[in-house]
Amino acid sequence: MKKLTSTLGVFAATAAIAAAFAMSPAPTKVEAKASNDPHWFSLSNGDYLGQDTQTNKQSQCGEDRIMDCVVGYDEYDFENNVPESDPIILEGDKELQ
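The opening position of the sequence shown corresponds to residue 1 in the numbering used here, with each subsequent residue numbered one higher.
Worth flagging that the hints you see were computed from the coordinates, not collected in a lab.
Please note that a few of the clues may not be correct.
[To be verified] Simulated restraints, written as ranges between beta carbons of each label pair:
#1 ASP64 with SER44: 15 to 25 Å
#2 GLU79 with ASP52: 14 to 24 Å
#3 SER59 with GLU84: 22 to 32 Å
Note that beta-carbon positions come from the ideal geometry of N, C-alpha and C, so glycine has one too.
Build the full structure now, drawing on both the sequences and the hints.
Put into C-alpha cells, the structure is as follows:
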C-alpha cells in the first residue's frame, strides 16, 4: 500500500507540473532581420539607397545586364563617408537612382 501511495504521489506531481507548463504562455519567437545586407548607393549621384539583399537589388536592376546598375558595400563607415569593404557592382538594364 505504501508503494501505491508513493506512486500515486509521483503521478500527481508529474500531472501538476505538466498542467503548469501547459497553462503557461508560449515563448515569443523573435525574428531578427539580418543586418548584414549590403548598403546600396546610386552610381550617378552617390545617393544612399538603403540596405537590401543582393537578390532584391538585382531584380530591381533587371536581368539584361547591359550596364552598371548600382554599387553596394557589405560595410560602410557613414561617419567618415567611406566604404570599408570591396564594392559589389550589379549590372542590369537600368541604373537605380
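Quiz item: Which of the numbered hints above does this structure break?
Solution: none
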